[in-house]
Structure formats: C-alpha cells, structure tokens
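Colleague: Going down the list, the sequences are from chains A and B.
Okay, so the first sequence: first residue is 1 according to the numbering used here, each after it adds one.
Okay, so the second sequence: first residue is 1 according to the numbering used here, each after it adds one.
I should point out that these hints are in silico values taken from the structure, not numbers from a laboratory.
Be careful, since some hints might not be right.
List time: in silico BS3-like cross-link candidates among lysine-lysine, alpha-carbon distance up to 25 Å [as the list claims (entries may be wrong)]: (1) A:173 x A:6; (2) B:529 x B:514; (3) B:464 x A:514; (4) B:514 x A:464; (5) B:363 x B:173; (6) A:514 x A:529; (7) A:6 x B:173; (8) A:363 x B:529; (9) B:363 x A:529.
Remember, predicted model here, so these are calculated numbers, not experimental data.
Number of protein chains: 2
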Amino acid sequence: MLIWLKNYRRDLLAGDIGAGIIVAMMLIPQGMAYAIVAGLPPVTGLYASILPPIAYALFGSSMVQSVGPMAITSLMISTSLAPLAPPGSALSVVLAAQMALIAGALLFVSGIFRLGFVASFLSRPVMSGFTTGAALLITGGQLEPLVGGPLAAMHGPSTIIGLTSLLALWLAKQYLSKGLSALGLSTRLAETLAKLAPVFVLVVATTAVALLDLTQVGVKIVGEIPAGMPAITLLVSGEHWRPLFMPALLIAFMIFLSSQAAAQSLAHRRGERIITNHELLGLGAANLASAVSGGFPVTGSISRSAVNYTAGANTPLASVISAALIVLALSVPTSWVSWLPLPALAATIILAVLGMIDFSTLKDSWRYDRGDAAALLATTAGVLLVGVEQGVILGVVLSLATVIWRASRPHIAVIGRIPGSEHFRNVERHQVETLSDVLAVRVDADLFFGNVDAVVSHLELLLKARTAAHRPTRHVLLVMSAVSLIDTTGLYALREINDSLRAEQITLHLAEVKGPVMDRLQHSDLVGKQLSGQIFLSTADAFRALQGEDSWSI
Amino acid sequence: MLIWLKNYRRDLLAGDIGAGIIVAMMLIPQGMAYAIVAGLPPVTGLYASILPPIAYALFGSSMVQSVGPMAITSLMISTSLAPLAPPGSALSVVLAAQMALIAGALLFVSGIFRLGFVASFLSRPVMSGFTTGAALLITGGQLEPLVGGPLAAMHGPSTIIGLTSLLALWLAKQYLSKGLSALGLSTRLAETLAKLAPVFVLVVATTAVALLDLTQVGVKIVGEIPAGMPAITLLVSGEHWRPLFMPALLIAFMIFLSSQAAAQSLAHRRGERIITNHELLGLGAANLASAVSGGFPVTGSISRSAVNYTAGANTPLASVISAALIVLALSVPTSWVSWLPLPALAATIILAVLGMIDFSTLKDSWRYDRGDAAALLATTAGVLLVGVEQGVILGVVLSLATVIWRASRPHIAVIGRIPGSEHFRNVERHQVETLSDVLAVRVDADLFFGNVDAVVSHLELLLKARTAAHRPTRHVLLVMSAVSLIDTTGLYALREINDSLRAEQITLHLAEVKGPVMDRLQHSDLVGKQLSGQIFLSTADAFRALQGEDSWSI
C-alpha cells in the first residue's frame, strides 16, 4: 500500500504533473458525458472523478491507471436504473451511489478473499463481442442527442453542431497526430495533444453556442452545473437492495475486467507487474469512495489510462493531481460549462465508443477458431437484442460452454509399440505392434466432470469394436501421461470403468500416472482396494508384465 | 426409432408384462404423491404417467427407463408456480402443462441440435449436493401433511397414521427383502416385492381410513379422483410465457440430468449404450405429450427405473403396459382411491426422498478433493437457503468455477537435460543441466482463457527471478508437449509473450507442438510472421540449436 509514495523521487514529478493536467482536461467533459450516458446529472460524473482515483491510489497496483467514469459501466448503470427511477431524478442519483456501494463492497471483499481468478471467466473473443455490442448500443443512444431530436425529425442547428463536431473529431483522429509530428513535435507529444481534440472541439462548440446564444433556436445544452464540492455522505434507499444486487454484481465484474485489461496492457509496456488481488482492493476502494461522494460506479478506462501513460504519468500522483484540478474547476464559477451543447458532447461519446468496436478479434478468431468466433458474435447479438446485463451473463456462459464443449470431445488414442523400441504411439498415425488381448489407451486430457461421459463412452465403443472383430480383450491399460488432474467425478468414472470391466472379466491397469495425480489417488479406495489390475510406472513396464504367453503383432 | 419394436422377440414379453404391472402399482400412488408435491391436483400425476412413457418409447434409447413424475422436478414445479398461481388451482394446472410444453420443446430442440454435452455442466459432487438439498426441502414440506397440521399442533389420528406408515416403510426397507429371501424367494423377486411395500402400506392405510371413517375425526384424504381419460388438448395461458421460461429451462436441465443418471446406471448393468441426443428427443417428446394430456414436467426416475429393470423389463413395452394399466385404473370407478390418507402418502414421499440423500459422495470428495466437497456443501446450502432453482444455477456456476479455479493455477516446470541423455525434466525434481541463457519451460496445461493470465504472470516471475540473480536470458523455449489446445485467447497470450520478450531482446521458441495444435497455429500470424524464434520438433533439437557458444552446467 502506497509503496509508490514511499519511494517517490523528485524526477518523477514533472511527468506526473503534465499527465495530471492532460487527464483532467479529458476527464471534465468525459465525466459529464458518461454521467449523461448513465442517465444521471452531468455533475455526478465530475464527483465520480475526484475521490475514486485517490482511493485507488491507496490500494491498486497499476501506476498509470486512470480510474473514473467509463462508457460501458455507464451504459450498464442506465439500463439497471431505468426500471427503478426516472433518468436524472434524485432517486436515480441515490441508486447509482448505492450500486457503487454494493459493487465496491463486492470488489473489496473479493480482493480480501483473493478471488482474482474470476477475471478468467471471460474469453477474449467473448469480451470483444461484449464491448462491440455495448459500443453499438451507446452509439444508438447518442444519435438523438447528436441531431437534437428523433431521426425522423432532426433539429437543424443541433444537427449542424453535432455532425460538424463528429467530422472535426474524425479528422483529428485520422490526421492530427501525424500533422503535429510533421510540424516537428515529438511523436509522444503529438499523440497526447491529438487525444485532447475532443476538448478543443467542445471548447469551440461551447463558445459558438454561448456567443450566438443558440439556445434560443433550440440547441440543448448541459445546463447549470452546481459549483462546489460533493457532500461526503452516504445516501442509500432502504428498499432497493434486492433489485440492485444482481446489476451491481454484474457491474462489479465488468469493472474488474475492464480495469484489468487497461492495467495489464500498460503494465506490459512499462515492464511492471499487476497484482490482481490488489487491483480488486483498489477498485473496491474507488467505488466505495464514489458511493460516499455523490458518484456512481467507476473503473479503469483503457483509453484514458493510455493517455495518462503517454502523457508521462509515472505514479498515481498524476491521478491525484487530476482530481485536484477537477476540485479546482468546481470551486470557480461553473457557468461557462453550462453552455456546453449536447450535440457536440454526443459526438465525442460516439467517436470514443466507435473506437471500442473491434473487428480484428473477430477476424483472427474466425480464421483461427470458429467456435470462439461464434461465441463472439452470439455475445454481440445478445447485448444488442436482449440487453447489456444479460449480455454479460451470456458471455460467461458461452465462454464456459466452449470449455465444456471442447472437453466433451477429448482426444483418446489407442497406442502400440514402435517395433524395436520402448516408444508407444497412436496406432492410427504410426506403424506399431500390439498385443492381441491388451487394449492400451492414452487419454490426452484431464479427467473431470466435463469429459468423463465422453471418455467412458469412447472406451465402450472401442471394446465393442474389438468384440465385433472377434478380438476378445483381457486387459485394458489406461496410459495417463497427459492427465494432470482427476477430479471426484473423474475418480467415480474410473471406478465405474473398473467395475464394469471386471463384470466382463477384463482387468484394468494404469500406467504413467503423474506424481500429483497419484498422490491424490492414494486418498481414494481405487488404489490398493478396488482396482482390478496394477499401476505401472511406464507403458513399457506394463506391456512387459501383460505380455504373458502373448506375442507382438502389427 | 422404435428399433426395439422391430426386433421384438416373444420371449421378452413375460418380463415386460411383469415389470409393467409392478411399475403401474408403484406409479399410481407415486404419481398422485408427486402431483401433491408439485402443488397440483393428484389426478394430474396419473395423467403425467400415461402418454409421456409412450412418447419416450418412440425416441429414447434406454430400454428400461421409467418416465413419469419425479420428486425433484415436482419440487421445482411447485416453487416455480407458487408466485404465479395458488396451489391446486385451475391456473396452476394450465401453467404446469405450459412448463412441460416449454421444457419439452427445449429438450427436443436440444436433441435435434445435438446439445447432449450440456449434461457435462454439473460435476457429480455438485449434483449430489443439489439432490440432498432438494430431498431435505421435500421432506420439510411433507412434515405437516404427515402429522395433519403444524408441528406445534399435531393432529393425533393423522400423526398415528403418518408415523405408523413411516415405521412400517422403514422396517420394510430394512428387512423385507432379506425376510422374503429367507422365505425362499429369489433375490430378484424379493427385492422387487420389497419395493412395493409403499403400495401395501397405502392399501392398508386406505382400508383402515375407509372402514373406520376416519375423515370424521379430521384425517385428510386425497379426495375425489375424476374417473376417465385426460382430455387431449393444449391449454396455455397467453401471458405467462416470460415468467415460466427460466424455470422451464432449469427444469429441462434437471429432467435431462436425472434421466441421464438413471439411464446410464442401468445401461451399464445391462451392457447397453445410451445415445445422449436420443435421450433428449425422448424426454422432449415425453414432456410435449405430458403438456397436451393434462400432465406436468416428467423425467426418468432413477428409483422407478431400477424397479422396472429388476422386475424384468426388457423393452419400453413394459412402460406402455404400465400406461395401459393406469388407463384401466382411471376407467373403473375411482372412489376407492379417494380414501387414501394424506399422512400415509406423506410417509411414502419422505421415505422415498430420504433415500436420495447421499453422504457417500460427500465423504469420498472430502477425502479426495476438498474443492469438490466445498462445492457440494455450498450447493446443498444454496438449495436450502436460497431456493431450488437458484440451487441449479449455483451448482452450474460452482462446477464451472472449480474448472476455472484449477485452470488458474497451471503447473509450469522449468526443465533441464538429464546429463548424458536426451531427456528433459523439471529442474526442481531432478539433477539436470541447463544452458545459462536459455529459459526452457514446460506448460502442463492447455492454453485457454482460463489460465493464460496465470501462465503469462508465471513466466514474468521466472524472468524477473533470473534477472535478479544476474542470469540474463536470451532465449525462452516453451515446451508444448502437454498442450492439446490453444484457443484464441491463448493465441493472443502467446503473441503478447512474444512481443514483450522481443522488446527485451529475448527470442521466443516453441518445441514439441502437437499435430492438431500446430495445424491450427498455421491459421494464425504467429507462425511464420510474428514469432521471433523457431519451432523445434523436439526439446533436444531446440537445445542443440540454441547451445551456440554456451556450455551445459548443473
């Protein structure tokens, strides 16, 4: 905790201050924008950007993570609160804080119990499919604000502001960084300044709207932002714990996954290590802090953290400086912000989330593994057609279903001896010799509940085929060289195989059982008591013992 | 389909008729009892025992499965319908049929799409924990009927009937089979007759209640059973599809799992093979048939199927005969059944479900694998404390969580050469020699989304340790002999390892990549384009190529 502060060196300060300023400039419009996406008053997005990054700095392990509002979590907040409170209402603010409280508590407790492995519940393609679906949903939700009304009845001045902003942002994204480099700026500075394009666009749009008083012609603006600090208080609604719990759990999960993705990609670049369970504590603390200071669920943003890193951040001090600057912005008169036109803000949101749409993972997985590609597409479809929360659950189910589906088709090879050697190989791929009454089988998978049915029925098929070919079997040898784990269900399956073989006067032997697997089997009745045959160290030993009167044949 | 009928031989008939009669005798009280557990009128349990077994016979692959009402599915029906309709009401009957319709359609479609692998979503310990929890819940629900009122205000005559029945059933279970054997009956006949003890107890109790007219003193009876056939019609409530869908999905899942367990254990004994996808079709057809004939969700019952088998059933004709006998029972005046006392019926239910409580799996898994034991206990607790439907979901989540949890701690060994050989082994377990600037690592697990984070961070730790020990690394060799699968997430992880090693001037090589894994990697950019090093056939080849100026040292 706070190791970075104890080891703080003066030469890190300049980078942290520079990054702190730049991230604050990003955070002010972004915080308000994502509050709007969440269906909350814009100022709550600023509140959610003050204490959370400071709380994260106390526990988190990433040096450059920028914790605060984020597009996908905001979308999840809006869909979760929609049935409970009208958007922008006082109750919605209370419930959003309450969600942050539940999510924060879940994250913090998960950190204490070291449940970081839950980050491994989603495959990368499924995460990509989820993000793409969420980005499309957010974009869809911003189309009306962009054009100042329903698409069938666009509002002229709003549409002009919205589309001009969108065009300017798109041009900036495509060319600004290169252009600034060409002007002689360092690549890093050019990239950082280019990321501030939304700020410049918003300043221009705000100025135009204010000077021309465009609200008169019906352009909608952010409206009054109350000046001053958020009250530090915990407002909760007594009766909404139950309906908020499941959404808060799902948001907590996505908070963790998003933040992990951001932290890890930057840690790779900085040669640092992320400690997953510290991340959980940091995110938990950040959300608890958000809950008591008028905010809503927050997480590490991959894009903002990248800007923080590129702008030179060395430690979480950069985030603390950003927070201080937002406090400063709230302490001065905030009326200038009130002129910020919603169509321009919608344009910045759309351009930001369209950048999250990821075709390359779809392309890669389509080429590499159709099952993963199908899971990706199904998750996107689920988010779009059913909903973002259901999309999270669907994603987890699909990720895990692919595991069980693959496990349900284990690779099982009948093996024989390569003549003149002690090597044993698949009879279908190599010219090998076998003993007539021994069926030797290598199972190329762990034995666990996901594949035992498949293993048992494969074995039955092999035995039936031998019987049909008039090759009676006296011994079955299971070669366990590729088995690193046998769970309780796998143990039962071995016992059932043993029993049903015994009923047909066939002896079951094992060979090449790995050390840890053997250690565990000693705790069962299979070894020593039930097993009808023996356990051999090597396949060669087993064949020597089982050869008897028999002779090898190809 | 109906292969058993095409190949029917006359000598199978006697066994089928005998079993058909005995199962019908079991099914009449059991059907009514499980209808009561489901919160439905008793006669619906008889309706659910007529068409479903016939429909199952058309598609199913088990020869001795007895399809009909079952305790756990009835419990699930009752908890699902409780918020929607009062127990025993006309609406509850319609909704129960509607659940059977949805569940049947889901099962049938799953069979068409060959989704039989979903049976592998629950580990055996978790299934045991679920069954135990459900059995306890059902027992709890039958205590009031057993004593004719709340436990604090037991009804004397009812309590006497209930407890006497319970005692008689317990004694029969313990001693009847042995006693009949001692009298000279064959073991098989003795066991079969002993299973009919509940029928005898109920006949005695019914006769006593009717002769003594015990309803006058307040003993509750089953009441009138309408004579005649169920109407073949599809009554559905237009508005309840949505709330019924999730419960029906969960019931469909448990229908499939229970039936699989019953079918497989008997198929092992009979030396037959169960075709999982045919089971889905058979169960789907059975539930659709139940839906159109006034029934409710049905499944294969492990205990009743065992009686069917022991009583000599050879083909599904036995079940068809049972169905015909139930039709017959409904065609004659049914007033005698109306005197069946509920306390005695409760006693038969309690004794039946207490038999489902399974301590041996808990004991085995406690000794063998604490993680599995914890999942078992958590599932039981979930069923008891939260609910039976949530218990199913919890069970799936816990089963899959153990997979991911185990995957998140993969076994990774640094390997070296056994001097004077071409064998490579774990440096921690064997006296081996290594090359100073080569880190050779064997990953003993498939590379998939569940463990890539763990693999990557383990590798980072190993590299850091070498750097800290002033042993710079120039080559990392991943030995893939134990990797049978790399999914898309695993592919990305390899790419990231490759890129971050390259940034530190370390070359990444692979060795002993299995055929199917290599085939798939050819479809990616890793092989040929991105990989900084080479792919070697064997670890020995790799070390020969990487040795360079270096020399081996221990």
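Colleague: Decide, hint by hint, whether the structure agrees.
Modeller: Evaluation of the provided hints:
1. For the proposed pair residue 173 of chain A and residue 6 of chain A, the alpha carbon gap of about 39 Å is over 25 Å, so the pair is violated.
2. The hinted pair formed by residue 529 of chain B and residue 514 of chain B meets the criterion: a straight-line CA distance of about 20 Å does not exceed 25 Å.
3. Among the hinted pairs, residue 464 of chain B with residue 514 of chain A is inconsistent with the structure: their alpha-carbon atoms are about 29 Å apart, more than 25 Å.
4. A threshold of 25 Å between alpha carbons decides the hint, and for residue 514 of chain B with residue 464 of chain A the separation of about 29 Å lies outside it, so the pair is violated.
5. For the given pair, residue 363 of chain B sits about 23 Å from residue 173 of chain B by alpha-carbon distance, which is consistent with the 25 Å threshold.
6. Proximity of residue 514 of chain A to residue 529 of chain A is assessed by CA-CA distance (about 20 Å); at most 25 Å being required, the pair is judged to hold.
7. For the hint pairing residue 6 of chain A with residue 173 of chain B, the CA-to-CA distance comes to about 72 Å; that exceeds 25 Å, so the pair is violated.
8. Of the supplied pair hints, the one linking residue 363 of chain A and residue 529 of chain B holds, its CA atoms being roughly 17 Å apart against a limit of 25 Å.
9. Taking the CA atoms of residue 363 of chain B and residue 529 of chain A, the gap is about 17 Å. The hint holds against a cut of 25 Å.
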